[in-house]
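Chemist: Residues per chain are reported as follows:
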Amino acid sequence: MKFGYWLKNGLLLLLFMLPLTASCAPAGNLQKGEKTTVIDMIVKMDRGDYWSTIKMGAEVAAKEYNVKLNFLAPENENDYKEQIQLMEHSIARRPDAIILAASDYEALGQVTDRSSYYEIPVISMDSEVASTKVKTYVGTNNYEAGQKAAERLVELTGKQSDIGIVNFVKGARNADQREEGFLDYVARFSGIRVVDIQYCGSDEELAYRLTRNMLTAYPGLDGLVSLSAESSIGAGRAVEEMGYGGKINMIAFDNPPEMLELLQEETVQAMVVQNPFNNGYMAVAAAVKAAHGEKLEDRIPTDTKLIDLENMLWPENQKLLFPFVK
Amino acid sequence: MKGPQTISRFLRNFHVRKIQVLISLSSITITILAVVLVSALLFNRFSKAAEANAYLNLGQIIEQVNANLELYVSGMQDIFELAQEQINAASDIPDDRQLGEQLGTILNTRKDLVSMALFTKGGNLVRGVPELPMRQNTKLTEQLWFESAIQNPGTLQFTPPHIQNLFKSDYRWVVSMSKSITYRDDSRIRQGVLVMDINFRTIDELSQRVGLGKKGYVYIIDSVGNIVYHPQQQLIYAGLKYENLEPVLNYAYGSYLDDSEGEQRLITIQTVKPAGWKIVGVAYADEFLTTKKELGGFLYGFLLAAIAVILIINLYVSARISQPIRRLERSVQMVEKGDFGTNVYVSGAYEVEQLSKRFNLMLRRIRELMDQIIQEQEAKRKSELDVLQSQINPHFLYNTLNSVTRMAELGRNEEVVTTITSLSRFFRISLSKGNHIIPVADELEHVRHYLIIQTIRFKNKFRYEIQAEPDTLDCLTLKLILQPLVENAIHHGIEKSAEEGFIGVYARINGNNLELVIRDNGIGMTQDTVDKLLSGRLRSESGSGVGVTNVQERIALYYGKDYGLHYESEPEEGTTVTIKLPIVRPETPKIEGDES
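Protein sequences appear in the order of chains A and B.
One point on numbering: in our numbering, the residue at position 192 of the first sequence is 192, and numbering is uninterrupted.
One point on numbering: in our numbering, the residue at position 236 of the second sequence is 1236, and numbering is uninterrupted.
Just so you know, not all the hints are guaranteed correct.
[To be verified] In the EDC-like style, the derived pairs of lysine to aspartate or glutamate whose C-alpha atoms are separated by at most 20 Å in a straight line are:
(1) B:K1214 x B:E1261
(2) A:K63 x B:D1078
(3) A:K326 x B:D1112
(4) B:K1168 x A:E240
(5) B:K1461 x B:E1500
(6) B:K1139 x A:E261
(7) A:K289 x A:E59
(8) B:K1168 x A:E258
(9) B:K1139 x A:E310
(10) B:K1380 x B:E1368
(11) A:K63 x B:E1205
(12) B:K1168 x A:E265
(13) B:K1111 x B:E1081
(14) A:K35 x B:E1287
(15) B:K1241 x A:E59
No lab work stands behind these hints, which were simulated from the structure alone.
Go ahead and model the full structure; you've got the sequences and the hints to work with.
Modeler: Right under this line is the structure:
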């Protein structure tokens, strides 16, 4: 009688405890599994090697940091209105962080400010944006890139020379900074004159025409620098077609395949190459940190590389110049 | 305010030697040790198995990749050999049209064949398919495929993937297979380098597809450590990542655990034989060895739950054991305070139950004894009252004074004097300063005076005799035990007898006992009457009322049940009453003896 009572009590207790035991283990597991961070990456365009390489770098980082990455871009590279729309949609979705490559420095400032009301950290990548709310800027050190281009061009042309510049958009942050870096370096040499600066508005065709005009206007030009991929393609074509290949020293920007051929054919002497893969990777890494509330440096610059015929096919540069296996 | 109080009360009540604490602590310690031990063993066993399994899985995945790659590479090798055979067979390489067609056919069999070309030792193109113009500034003699073919004549060389820099076409990632061979140019035998470029895409896709958990990946290096494929190749070149290749180069195949990056990583290595490449699988231990973590988590939870269950059961069981004992203790405390009325009623463990039962029995016995004492005390007081009453028996006094009056009237002065003297002596001894215990001599004196008075009253109807052994005289006895019996002997024995009566009173030592004997030759009694008399059921209406029962009770009260009256009686013969008493002597002589 007594024993039965005890037994019953004990069994009841055990039965009561069993679910506890069972519920303990999965609870422990959930805590250990890292939470997936959701990051929206809004860029200028979802085509082209440059942006694809950024995406590739971002995806590598996403895999490494357990991130769900939404890669978003407007149809057109300069369509800042659609980019604002994308930003607004993104804010509505409340991701853990937003990475923005702003098409327009001023226009996207407001929407970037707004994201901070919802405590969504914004990382500025590639191109800066007019907002104090961004956590950091990840991208090419454009000023330094401009200086690098100037340094090599001065080496090539000597300290007495006339130089023309084909830039892309006047007022665009990157364009301005590259130009500023270039001009600041060149200003050290009294014998060097910058005779013409043209803006092609990221239009290859326009760049081609502007370069032709420039070469016609200044036939004795010693050096030419183009400060973006599009202006480089246009300018390169103009130089080649007008038979200036080898006569004029040209420094190009970025690494479209056309330019590499021109480099190998010695029409172009050097290229300042950005590292979009690293930009994408570092932006996601920074966004993960920002999403977890970590303090970040104001700027995270990625290096540019000066590529010439000598080093273009060094193993470590091949992957930079040709990010895709086709 | 309440919290600290509870805690301090708990601390006060906490005692290491408490049963509850003892049971709890010991069994908890043992069970926890056991559970921990079992858990540790289980964990060890299972995690080892899981680890082995993880290694096996990884090994199989890498093995699969390796098999695919080997198949692919050896297929390419076969094509290379086929091309080489064609070249060997042709007599005049630069201008053989048939050869161009044949090589073109070979090239077309595989989509990922980019180009085939034969170069002289000086680096000049002899023949190439597809037929495309050469690029400028290719520095092809410095290219790796060319150099290694020249350095290792006769063996097929594989390069890591690189950008093809030969023909004017797209810049493409290729793996070059090269070999220095002999060919015939215008029937002359010359040395040259045959190169076949394979699009790297297939290998790249194959490697990319391999998933080793969420973070894990596969990379390929060649025999000297150049990266063939790495998903983070750019980061490595940019110095943002680092892959520890040194230990990998020491392995042809196998696996090891690497924590050079601060994270435990399972490295599995396989070698692609034709190319001498090493496929390296990198899996993150925290992903791949989840079983270990899960098991650890489960066991941890299980341990906690088990300890909780054990703790609760323990507290419960030990409380069930110790609680009755504590209640018992509290009951005993009540008894200690003098409350004998409490009945300890405890259920619990068998032993505790038994203990409380016995304790209850003991308590009942104590209560009984106490009741008995109270009863005895009451009885004593009553009998003493009786004695007191008998001390001033008005009936006897009245009768005696009546006889004295009569004797005085008759002028029997002498008798009057004797009677009064005896009466006075009788009462003095009766009172004897309020003592209950008097020497045998006094008791005999008392009864002698009674007998004197009675013989005078009954006009010498009987004779009497008092004899005592000298030893008995200083023995102590209860007072007034002889007189009632002598009174009985006179009233019930001799008075009713026609013969001349005789009453003898004797005191003697018999063994360890003092015996006082009263013998009469009266009418005697039947045994039945004797029994009734002793049980107190027979009571005469006359007499002092201080009868046999009273004497019997008093003796029993003072000396115990072993002592008392013994009747021997025969009808028409007489009765003998023997009073058995212990030998008790006054203490004074002893003390004197000690002093001398």
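Chemist: Look at each hint and say if it fits the structure.
Modeler: For each hint, the structure was consulted:
Simply put, K1214 of chain B and E1261 of chain B have alpha-carbon atoms about 17 Å apart, close enough for the 20 Å limit, and the pair holds. About 38 Å separates the Cα atoms of K63 of chain A and D1078 of chain B, which puts this hinted pair outside 20 Å; it is violated. At roughly 10 Å between alpha-carbon atoms, K326 of chain A and D1112 of chain B fall within 20 Å of each other, so this suggested pair holds. A hinted pair counts as satisfied when its Cα atoms are at most 20 Å apart, and K1168 of chain B with E240 of chain A qualifies at roughly 17 Å.
Only pairs whose Cα atoms come within 20 Å are accepted, and K1461 of chain B paired with E1500 of chain B is accepted, the gap being roughly 6 Å. Proposed proximity of K1139 of chain B and E261 of chain A is supported: the alpha carbons are some 15 Å apart, at most 20 Å. Restraint check: the Cα-Cα separation between K289 of chain A and E59 of chain A comes to about 16 Å, which is no more than 20 Å; the hinted pair holds. Distance check on the hinted pair: K1168 of chain B and E258 of chain A sit about 12 Å apart at the alpha-carbon level, within 20 Å; holds.
With a C-alpha separation of about 10 Å, the suggested pairing of K1139 of chain B with E310 of chain A holds against the 20 Å cut-off. The straight-line distance between the Cα atoms of K1380 of chain B and E1368 of chain B is roughly 18 Å, inside the 20 Å bound, and the hint therefore holds. About 17 Å separates the Cα atoms of K63 of chain A and E1205 of chain B, which keeps this hinted pair within 20 Å; it holds. Taking the CA atoms of K1168 of chain B and E265 of chain A, the gap is near 11 Å; set against the 20 Å cutoff, the hint holds.
Proximity of K1111 of chain B to E1081 of chain B is assessed by CA-CA distance (about 18 Å); at most 20 Å being required, the pair is judged to hold. Under the criterion of a C-alpha separation no larger than 20 Å, the hint pairing K35 of chain A with E1287 of chain B is consistent with the structure, at around 14 Å. Restraint check for K1241 of chain B and E59 of chain A: satisfied, since their Cα atoms lie roughly 15 Å apart, inside the 20 Å limit.
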